[in-house]
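Q: Chains F and V, in that order, are what the protein sequence lines are.
For the first sequence, this note's numbering gives the first residue as 1, with consecutive numbering after it.
For the second sequence, this note's numbering gives the first residue as 1, with consecutive numbering after it.
No lab work stands behind these hints: they were computed from the structure.
Careful: at least some of the hints might be erroneous.
Copies of the same chain look alike in the list, so a pair counts if it fits in one copy or across any two.
Derived BS3-like pairs (lysine-lysine); straight-line CA-CA distance at most 30 angstroms [said to hold, decoys possible]: (1) LYS149 - LYS189; (2) LYS146 - LYS69; (3) LYS12 - LYS70; (4) LYS70 - LYS189; (5) LYS69 - LYS31; (6) LYS79 - LYS182; (7) LYS173 - LYS137; (8) LYS31 - LYS182; (9) LYS52 - LYS189; (10) LYS177 - LYS12; (11) LYS137 - LYS52; (12) LYS146 - LYS182; (13) LYS149 - LYS175.
Protein chains: 2
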Amino acid sequence: MDHKTTISNDGKIVLQTILNRRSIRNYIPNKPIPQDVLYELIKAGMAAPTAKNRQPWAFIAITDSNILKKLGNILPHGKMLAEAGGAIVVCGDMTQTLEGAGGDFWIQDCAAASENIMIASQAFGLGAVWVGIYPNKFIGVENVIKMNKVLNLPGSVIALNVISLGYPDSDEKPKDKYDESKIHLNSWK
Amino acid sequence: MDHKTTISNDGKIVLQTILNRRSIRNYIPNKPIPQDVLYELIKAGMAAPTAKNRQPWAFIAITDSNILKKLGNILPHGKMLAEAGGAIVVCGDMTQTLEGAGGDFWIQDCAAASENIMIASQAFGLGAVWVGIYPNKFIGVENVIKMNKVLNLPGSVIALNVISLGYPDSDEKPKDKYDESKIHLNSWK
């Protein structure tokens, strides 16, 4: 499609960053990400919208390489954490969720926060990959129990994912996942 | 916290866009958003990560003001749609989801795509609000049935939300939702 639309130069930079983001699993081994960068990324996460503004989330910023190595051993889809420079665990806080029918909105809220963190990581020139933890059966309940022990998570807190972060060790090309057949105009056809 | 970190100027623009985004419900009434802009926003949505790269999503781009008005009447949390300049319905395609324990990852995948669309809207200078549709009981199953009829949605497709879009009719200040008490360093304390 032709790009016929007016967009500012700043807007173009933002759009391109979103389009260029891709999962990065290979890092300069264990090159530490400063704590204040992790906190800036989490701040971006907290700028996400949440249903009824409940902000039912909590975050663990991991800088300790021993904990990263432990998580890399525990999580079958998270082996790259062993060489990561840091990580952020995005959690739902069940004491803060909506009551009743909206109770599960925490999943969408925390997913939106996670995507903000992914894009902000790209803005910092970092590589990131979203390691899904919840629903727990997918990654293995016994692994989640081990992880929760390492992180000292209380029972009222559910980890949605672990975002593994590092300095990319090579240039990986963005993927183009655009598929116009998945777009319908005005109603389903 | 002091910002001690190296970040490029482009990166700063991206970060600031994420932090400035907020829900915008008031628009210049019915000023239409060009179809190609909606498609650019959806393209940004499709750049989101998905579990096992399944991309279990579908999108309806709405430019027709009659449909927008109908949705504004049907959806109790979506009244602003009646004056919107366009909308995007982000859907899960149940024929594309993971089998078994990972079946519900479509919710997170579509939420991540939605957040990309929210940030891309901000990049285009548009105002956006995420009107939650799923889980359906929250907004009323009977309303969802009516909406699905207007959109001609097949039974295999579930609308996660409707993103209402328009040209903001005033400058609304960004909210600061940063709360450091929700961050834990290395493990829960």
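Q: Now, for every hint given, state plainly whether the structure supports it.
A: Hints versus structure:
| no. | hint | result |
| --- | --- | --- |
| 1 | LYS149 - LYS189 | between (49 angstroms within a copy, 13 angstroms between copies) |
| 2 | LYS146 - LYS69 | within (13 angstroms within a copy, 51 angstroms between copies) |
| 3 | LYS12 - LYS70 | neither (40 angstroms within a copy, 33 angstroms between copies) |
| 4 | LYS70 - LYS189 | between (49 angstroms within a copy, 19 angstroms between copies) |
| 5 | LYS69 - LYS31 | within (13 angstroms within a copy, 53 angstroms between copies) |
| 6 | LYS79 - LYS182 | between (33 angstroms within a copy, 27 angstroms between copies) |
| 7 | LYS173 - LYS137 | neither (32 angstroms within a copy, 42 angstroms between copies) |
| 8 | LYS31 - LYS182 | between (40 angstroms within a copy, 26 angstroms between copies) |
| 9 | LYS52 - LYS189 | between (33 angstroms within a copy, 27 angstroms between copies) |
| 10 | LYS177 - LYS12 | both (19 angstroms within a copy, 26 angstroms between copies) |
| 11 | LYS137 - LYS52 | both (29 angstroms within a copy, 15 angstroms between copies) |
| 12 | LYS146 - LYS182 | between (39 angstroms within a copy, 22 angstroms between copies) |
| 13 | LYS149 - LYS175 | neither (36 angstroms within a copy, 35 angstroms between copies) |
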